[in-house]
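Participant: From first to last, the protein sequence lines are chains A and B.
If you read the first sequence in the numbering used here, its first letter stands for residue 433, the second for the next number, and so on.
If you read the second sequence in the numbering used here, its first letter stands for residue 433, the second for the next number, and so on.
The set of hints was computed from the structure by calculation and includes no laboratory data.
No experiment lies behind these values; they were computed from the predicted model shown.
Please note that a few of the clues may not be correct.
The list cannot tell twin chains apart, which means a pair is met if one copy fits it or any two copies do.
As the list claims (entries may be wrong) - With a straight-line cut-off of 27 Å between C-alpha atoms, the simulated DSSO-like cross-links for lysine-lysine are: (1) Lys644 with Lys699; (2) Lys626 with Lys611; (3) Lys549 with Lys644; (4) Lys674 with Lys491; (5) Lys699 with Lys491; (6) Lys549 with Lys626; (7) Lys705 with Lys723; (8) Lys675 with Lys699; (9) Lys675 with Lys520; (10) Lys491 with Lys567; (11) Lys520 with Lys674; (12) Lys717 with Lys507.
2 protein chains.
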Amino acid sequence: MESIKVRIPATVANMVCGFDILGMAVENPYDEIELRLTDKSGITIKHTDDYNLPTEAEKNVAGVSLIALLEEYSKPVGFEMTITKNIKPGSGLGSSAASAAGAVVAANLLLGNIFSKEDLVRFAMNGERLASGVKHADNITPCIFGSVTLIRSIFPLDIVPLSAPPMFVTIVHPQIEVKTSDARQILRKEIQLKDAIQQWGNIAGLVSGLLKNDYELIGRSLEDVLIEPVRSILIPGFDEVKKRSKEAGALGGGISGSGPSIFMLSKEAATAKAIEQVMSELYGKMGIEYKTYVTSISRNGVCVVNN
Amino acid sequence: MESIKVRIPATVANMVCGFDILGMAVENPYDEIELRLTDKSGITIKHTDDYNLPTEAEKNVAGVSLIALLEEYSKPVGFEMTITKNIKPGSGLGSSAASAAGAVVAANLLLGNIFSKEDLVRFAMNGERLASGVKHADNITPCIFGSVTLIRSIFPLDIVPLSAPPMFVTIVHPQIEVKTSDARQILRKEIQLKDAIQQWGNIAGLVSGLLKNDYELIGRSLEDVLIEPVRSILIPGFDEVKKRSKEAGALGGGISGSGPSIFMLSKEAATAKAIEQVMSELYGKMGIEYKTYVTSISRNGVCVVNN
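Modelling step: build the complete structure from the supplied sequences, incorporating the hints.
Facilitator: Written as structure tokens, this is what we have:
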């Protein structure tokens, strides 16, 4: 096998209350990467999308992730990579993570599956550092492991894959720009202990709900008293979207990653569709361009596409 | 049925990282309450132990819990209660919660099981308010529900019973006094967001470990970067007990409730016994009186004792 094509899911980091520790992979939108193994070193990158991303390996999130992988591989090989992005950069849907994770998963398959999934997360974290300045892993991990993942600790890296009951995910991406670095900047560095207690009650509730297939508990736990009240200010219409989505039957939801995308979880497909309607109406009225997705949890993360 | 006798488990609140939200019931030590239903109103209380606790209903934690229950019952009945405490007040093992929980569970059985477990927690919280000034429920809830419990939210009360794999619990109670109010007073009201993130990673890890029967994950998650570093100062020998217990094979552990008792979890009975040895040696050398228990998780909480 000298060439491989993979499909890479978008990811919803934080999942409302699990700031910096929880993430979930979804089926749609997704990126694609085609990777060819070459016997001379060096990485060439081609983008087939219109996002005008850098193609020099050292400046490309997928590129630096492959460089990190090759440093540990230590044999003189190289890659030719073609990236097709559908996950818009800056959407809050793990666009940079998708590029980084897809590249290293594909490379590992071409090299005979010699690295563990944890290794691949470590390599791809270099892409996140390039993209946002922080080596975070809450998008990369669900992207590579699938379903929902918990990062108990980042140094040392301790990943806990979590099961989840079948759920539908409605996403709206209002086409405004929120920089991850800005969204991080406006957070308070000191918080009240009493707020933290409320937050970790919800996190424990969400994890319990996911593992016990308790939809009601998942819904009640999707509450964020710390991050959302601050970050949602950057997203026009957020409160209204949330309120009306819940009225339409959503279990709950909130900001995807650092925004501006908003996600909502539902038990039934019909509810997820009704929520899409609500979102479309609201952003239509506001005159803000938007894109919606009705999708489900990606159980396997990055997967090989058969041609 | 006019009279009933119940056995009430000690409880370990917080479980290291789960400050104010997690608690676990253990088989030993335990209290006993004998309760008789009378057809004239009023509550009389007798203590068969030497702790010199108040016997006036309004000043007794079990008494005020029964008063709260009777307010909702609204028929003119009364109780004669005999309390035998083995869980020493101020031990950090849920002594006041045991009195409060035992009384209301026994009363509910005598009245024909008309209240839910959540109701009983609410009644017993009045006892905790009397004891510590705070209506907390992290000891009462595992006492009534058994096993490990999560309090996702206290207002409104949202209780999540959690399963746990078989584990042994070693407890040492150094006979020094730590007042709950003091132990709460010394905590900082503002904390760093980055510490909170580490804490909720551990809480999510602990809940996952319990529900997935993953002993290693439970062990790695029993880490507290916020409360333990402050409170452990009040407990002589704490660091040494923890270090040497882990060397002896403990999965992990820490302060029980607000202390001074220390608990350690183990997978094997032999390890739990070895840890008891370690604890005894350390407090023996320090010349501090102590009491140890080697026990296991109480699966059912308060239970009826057959005479």
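Participant: Please work out whether the CA atoms of lysine 674 and lysine 491 approach to 27 Å or closer within one copy, between two copies, in both situations, or in neither?
Facilitator: neither (37 Å within a copy, 47 Å between copies)
Participant: Pop the pair lysine 549 and lysine 644 into one bin, within, between, both or neither, using alpha-carbon distances up to 27 Å.
Facilitator: both (25 Å within a copy, 20 Å between copies)
Participant: My question is about lysine 644 and lysine 699: at a cut-off of 27 Å on alpha-carbon distance, are they close within one copy, between copies, both, or neither?
Facilitator: both (15 Å within a copy, 23 Å between copies)
Participant: Since the copies are identical, ignore which copy is meant and state whether lysine 549 and lysine 626 lie within 27 Å (CA to CA) inside a copy, between copies, both or neither.
Facilitator: between (36 Å within a copy, 26 Å between copies)
Participant: Check lysine 675 against lysine 699 for me: Cα-Cα at most 27 Å, and say if that holds within a copy, between copies, both or neither.
Facilitator: Within. Shortest intra-copy distance 17 Å satisfies the 27 Å Cα cut-off; inter-copy 46 Å does not.
Participant: Quick one: lysine 675 to lysine 520, C-alpha cut-off 27 Å, is that within a copy, between copies, both, or neither?
Facilitator: Cα proximity of lysine 675 and lysine 520: one copy only (26 Å, versus 49 Å across).
Participant: If the cut is 27 Å between Cα atoms, do lysine 717 and lysine 507 qualify within a copy, between copies, both or neither?
Facilitator: Neither, since 57 Å and 58 Å both go past 27 Å.
Participant: Between the shortest in-copy and the shortest cross-copy C-alpha distance, which are at most 27 Å for lysine 491 and lysine 567: within, between, both, or neither?
Facilitator: within (15 Å within a copy, 55 Å between copies)
Participant: Checking lysine 520 and lysine 674: alpha-carbon separation at most 27 Å within a copy, between copies, both or neither?
Facilitator: Within one copy only: 22 Å inside a chain, 49 Å across chains, cut-off 27 Å.
Participant: Quick one: lysine 705 to lysine 723, C-alpha cut-off 27 Å, is that within a copy, between copies, both, or neither?
Facilitator: within (14 Å within a copy, 61 Å between copies)
Participant: With identical chains, the pair lysine 626 and lysine 611 could be close in the same copy or across copies; at 27 Å between alpha carbons, which is it: within, between, both, or neither?
Facilitator: Classified as between; 20 Å across copies, 29 Å inside a copy.
Participant: Between copies, within a copy, both or neither: which fits lysine 699 and lysine 491 at Cα up to 27 Å?
Facilitator: neither (41 Å within a copy, 49 Å between copies)
Checked against the numbered hints listed earlier, the structure breaks hints 4, 5, 12; every other hint is satisfied.
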